[in-house]
Each structure stands twice: as structure tokens, then as C-alpha cells.
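Chemist: Per this note's numbering: the sequence shown = residues 10 to 184.
Simulated from the structure, these hints should not be mistaken for laboratory data. Only a predicted model underlies this, so the values are computations on that prediction, with no experimental measurement involved. Please note that a few of the clues may not be correct.
Claimed, not checked - Straight line, CA to CA, 27 angstroms or less: simulated DSSO-like cross-link-like pairs of lysine-lysine:
id, residue 1, residue 2
1, Lys121, Lys131
2, Lys174, Lys121
3, Lys155, Lys121
4, Lys174, Lys130
5, Lys124, Lys155
Said to hold, decoys possible - Label-pair ranges, simulated between beta-carbon atoms:
id, residue 1, residue 2, range
6, Asp87, Glu154, 35 to 43 angstroms
7, Ser82, Pro135, 20 to 28 angstroms
8, Leu177, Asp87, 31 to 39 angstroms
9, Ser159, Pro107, 45 to 53 angstroms
10, Asp87, Thr172, 26 to 34 angstroms
11, Ser159, Gly113, 41 to 49 angstroms
12, Glu154, Asn77, 33 to 41 angstroms
13, Gly156, Ser115, 12 to 20 angstroms
14, Leu90, Lys155, 37 to 45 angstroms
15, Gly70, Gly169, 15 to 23 angstroms
16, Asp96, Ser159, 42 to 50 angstroms
Heads up, the beta-carbon is just placed ideally off N, CA and C, and yes, glycines get one too.
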Amino acid sequence: MYLKRHLFHEKHHHHLSFYVRIIYEHHDKIKLQLRGVRLMQNHICGAGLSDRPGEPCPCCGTPGLPVNVITVSSLVIDEILPRITGDSYHLCTSPECPVAYFDGSSNVVEEKDLKVPVWFKKHTGPVPVCYCRGVTDREILAHIEKGCCSSLSDIQRHTGANTGKECLTRNPAGR
10 MYLKRHLFHE KHHHHLSFYV RIIYEHHDKI KLQLRGVRLM QNHICGAGLS
60 DRPGEPCPCC GTPGLPVNVI TVSSLVIDEI LPRITGDSYH LCTSPECPVA
110 YFDGSSNVVE EKDLKVPVWF KKHTGPVPVC YCRGVTDREI LAHIEKGCCS
160 SLSDIQRHTG ANTGKECLTR NPAGR
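Construct the complete structure from the given sequences, taking the supplied hints into account.
Modeler: And the structure:
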């Protein structure tokens, strides 16, 4: 049986939404879990701001999240940049789909063609929590394990997470 204690409940700030949970196992092992922003499409940074559904991804059919072409242009690798010609792009919100961005025609940009990983897609390495400041889930967990952070404001103070203003050009959702 696990005893669960929430350090801080789900926090919704402009660009950062997560919670940390400490799970005690057999009184001596501590396992920390950091949960990123919910993986449901309506909870991806800024999704649901419009009542109309996004265009479906041409690969998986999942409704996409509209993003600014500035976001796409800022995050694709240099070799892909000449292909970014449209003015209407969407972020595929499926964690399993390899597509990151797509436009209304057949132009598709896969996650492997981006400068940064898309936080809600499946990966094995550190997951970005704050793109503006380059803060990952592992960095936040390290601060919690050291005991210097026990609240969102502590994490912001120690890591800089959720204090940047460059989401349009650094966060794949552009928010």
C-alpha cells in the first residue's frame, strides 16, 4: 500500500502546469513523480481557447492545436526551414504520432526535424517543463530531492521555470 502526499496540487499558471507527488514505499524508499501538463488535448498549453476544433493530423487524425508560423519557423532545423511556407500550422497532439506540425496541405514536420523535443510526445530522455529557461523534469526533481523546493514558487526561484517570456519561439505549442 502507498501513502501519497501531494507537495503541491495541480497549479495552472500561464505556461506551466504540473504537480509533484511523493510516494512512500515501505517507509524507507521514496519515489518522486513529476507529471507534465495533462496529455489530453484540451489541457495542452492553450488548447481549448477556441470553440472550434483544430484540423486533423494527416498521419493519425487527431485534432491539432493551431500554432503561429513564427513558432514553427523558430523550432524546425535549418534544413526544413525552406519547407515552412504556409501561414496556418497545427501541432499534432497525439503522444504516439511522429508528426509535430502540419499545415492545411500535405506539408508535415516530424518531431525529429525540430530543435527541441515536444514535451508530451513519447521520449526516454529528460522532458522539458519550461522551454524558455531550459528546465526539465529531472532538474525539478533534483531540487525536490535535495529538499530546497516544496512549492511552485520555490521551483520558480531555484530553476527559473515559468518565468520566461519566449514561449512563442521556444515552446512547441507557442504558448
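Chemist: Compare the structure with each hint and give your call.
Modeler: Now for the hints, and whether the structure bears them out:
Proximity of Lys121 to Lys131 is assessed by CA-CA distance (about 12 angstroms); at most 27 angstroms being required, the pair is judged to hold. With a C-alpha separation of about 25 angstroms, the suggested pair Lys174 and Lys121 falls inside the 27 angstroms cut-off, and the hint holds. A C-alpha spacing of about 34 angstroms is found between Lys155 and Lys121, which places the hinted pair above 27 angstroms, so the restraint is violated. Restraint check for Lys174 and Lys130: the C-alpha separation of about 23 angstroms stays at or below 27 angstroms, so the hint holds.
Using a Cα cut-off of 27 angstroms, the hinted pair Lys124 and Lys155 is violated, with the two alpha carbons roughly 30 angstroms apart. About 38 angstroms separates the C-beta atoms of Asp87 and Glu154, a value consistent with the hinted range of 35 to 43 angstroms. Range check, Ser82 to Pro135: Cβ separation about 25 angstroms, and the 20 to 28 angstroms hint holds. The given range of 31 to 39 angstroms is broken by Leu177 and Asp87, whose C-beta atoms sit roughly 19 angstroms from each other.
The supplied range of 45 to 53 angstroms is broken by Ser159 and Pro107, whose beta-carbon atoms lie about 38 angstroms from each other. Judged by the Cβ atoms, the range 26 to 34 angstroms given for Asp87 and Thr172 holds: they are separated by roughly 29 angstroms. A beta carbon spacing of about 46 angstroms between Ser159 and Gly113 agrees with the range 41 to 49 angstroms that was offered as a hint. Here the CB-CB span from Glu154 to Asn77 is close to 37 angstroms, well matched to the stated 33 to 41 angstroms.
Between Gly156 and Ser115 the CB atoms are about 52 angstroms apart, so this pair departs from the stated range of 12 to 20 angstroms. At about 40 angstroms, the CB distance of Leu90 to Lys155 agrees with the hint of 37 to 45 angstroms. Separation of Gly70 from Gly169 is about 37 angstroms and departs from the stated range, judged on CB atoms against 15 to 23 angstroms. Against the hinted window of 42 to 50 angstroms, the Cβ-Cβ separation of Asp96 and Ser159 comes to about 45 angstroms, which satisfies the hint.
Checked against the numbered hints given earlier, the structure breaks hints 3, 5, 8, 9, 13, 15 and satisfies all the rest.
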